[in-house]
Amino acid sequence: MIRRARTAVWAMRRSLGAFAIALAVALAAPAAAVQPEEKLADPQKEQRAQELGEEIRCLVCQSESIANSNADLAKDLRVLIREKIQAGQSNQEIKDFLQSRYGDYVLLRPPVKPETYVLWYGPAAITALGALGVGVFFWRRNKRPAAQQKLSADEQRRLNHILDGE
Amino acid sequence: MTSEQDTQAVGGGEDSGSHWGKRVLFLLPVVIFLIVAGYFAWGLLSDRDPSRVPSALIDQKVPQFDLPPVAGLDSPGLSTADLMQADQPVLLNVWASWCVPCRAEHPILMRLAERDGVTVHGINYKDTPADARRFIQNLGNPYTRIGADRSGRAGIQLGVYGVPETYVIGPSGKIRYKHTGPIDSKALNQKILPLLEKLGG
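Sequences listed follow chains A and B, in order.
Last residue of the first sequence: 166 (this note's numbering), numbering continuous.
Last residue of the second sequence: 1201 (this note's numbering), numbering continuous.
This is chain B alone, in the form it adopts within the complex (with noise of 0.2 Å):
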């Protein structure tokens, strides 16, 4: 006798049914593996960052806020109606002096506000006029506006968690868009330029 007629043997003993249930039984542990391998490839393959909070803001109207200009700076203050009242969709930014990031996007909104025409309003988060000066006459300026947010609550009122934080407007106020964290040339061409081409028609 050869061991392969022996498993035959032994395996013919039972009805062939409950045979066929039991190999899809021992498949299970193979199949929920798989399943399970799939969301942690997910997780750490895909871009997504799960530290990321998405926003509860999308599609709303701009929370209300009355903020001062930064003192000794040319560019204006920035409410709430000098956003609804753009006929073209805008940028939000949030940014501090003290904020390293804030830094390494800057060149990028200076190219969106001078060569792309671009509007682009800040809200300098919580931080003194002197460092806000500072920063803005070392790096420029591509702020048609710019709000003074020393306490944070306007901040609060956005939904800010970390600057830099950046916003995509609508003509009517409604914000449609935000990304957390310096802007690269990522978010930059596959979301914003294309929102904003969108949003201005």
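So that you can see chain A by itself, here it is in the shape it has in the complex (with noise of 0.2 Å):
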């Protein structure tokens, strides 16, 4: 009895270290590429420059932001991102000159305009549609009890005939 109460202790903290294990791998922040030498001074302007490198996508490698990616270009473009902030442009200005040179793919975040009105609200149409159906569903099936009828002399004969195995 005790051994076993001693094993099942034994396991849930097992579990609960490979909970924490689990969280902490989910919690971690994601490594940033960021050079100390490409870093601004000022922390506030820095503080912008990763805000908005976390919202360009690298090129190169595509599922990336640069923020977080090791390429050539990405870097570049880190460092220019740099400039135009020290140069005193917002981050506005800064994505609509990327934007113009790269197009919408270079926000990891796609502009709502009517060629990407699928990419935004067709998750929740889907899930309007799904959810209709499912109502549509269950009212069906709350109605049908109430329309059923007794089993028809013939039906019941046949359903006899089969319970009775012949």
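Treat the hints as calculated values from the structure; they're not laboratory data.
Mixed in with the good hints there might be a few duds.
Said to hold, decoys possible - A few chain A residues facing chain B, derived, Cβ under 7 Å:
(1) ILE21
(2) LEU59
(3) ARG101
(4) TYR102
(5) GLY103
Treat the numbers as computed from the prediction; the structure is a model and nothing was measured.
Cβ atoms here follow ideal geometry from the backbone N, Cα and C, with glycine treated the same way.
Both chains come to you apart, so use the hints to assemble them.
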């Protein structure tokens, strides 16, 4: 009895440990590729550059932001963003510049416009359709028992026939 | 009673209108499957390369840049003004000595320049002059002008994200087409050559 309890405690400890590791991995900040020498002296501006970098796609690796990518082009773009911030440009101006050179795809958060309506509203529309379908299903199921008639004489005879086993 | 009569008897119990509606409903998953399968087939079988990013500069003027020549080469440097003044369409090829596909496409550029008489300009992207010189000395020089873009800034102006890239530039300095990656015979024969012919008049 005691041994069993102890095993249970161990098992619990072990799963707790696994949970802690999983939590630590999940919460760990993604490694930033920004090099120390790139950083701006002004922490506020550096913060802006960092946030902007998170929103710009690295076109070489494509699923990473330039803040996380080690690609050459990503580094060039990080430096360019910092230069533009130093020159007093706003975040929007910098994003507009990159968009004019590389297209919408460079923005990790695509702009809302007719071409991207499907992207932005598609999932909501599909969810709404699905919810409607489920609603109709349950509505009809609730209605059916009331509409169900008793077995006809013929059906009752056949049912008896089947239940009797020939 | 045969089994066929059995099913008929059961089916006949419902009214035929909702029966038909149900049949359509049963077909719905098949229809959805066919649509999804169609998309997958398109993704797998078409030539579309999802990693290729369309240029944002098509039908726009060449952005501003002014690049010095590669030190030690005969070709003069390249600036936006050179592309604006041209009265014939030109090719603008972004290349680097460290770029392996650039070597692969180089014979095509040589042939375009020497045999077809097309003006080809080059941007030497993030390269050292010594390496660029060696590349040109070994493989030949198809370029009328070569701008040295050591910082890669002109590349960013043009939206370059992977060398080689080749632009077809119309007579008034308008970018008409961009090819990312090495020029292959398909891109050459189906896109670049017809476009050059059309623009050249």
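Verification of the supplied hints:
1. ILE21: Because about 34 Å separates ILE21(A) from the closest Cβ in chain B, which is outside the 7 Å limit, the hint is violated.
2. LEU59: 4 Å, holds
3. ARG101: 4 Å, holds
4. TYR102: 5 Å, holds
5. GLY103: 4 Å, holds
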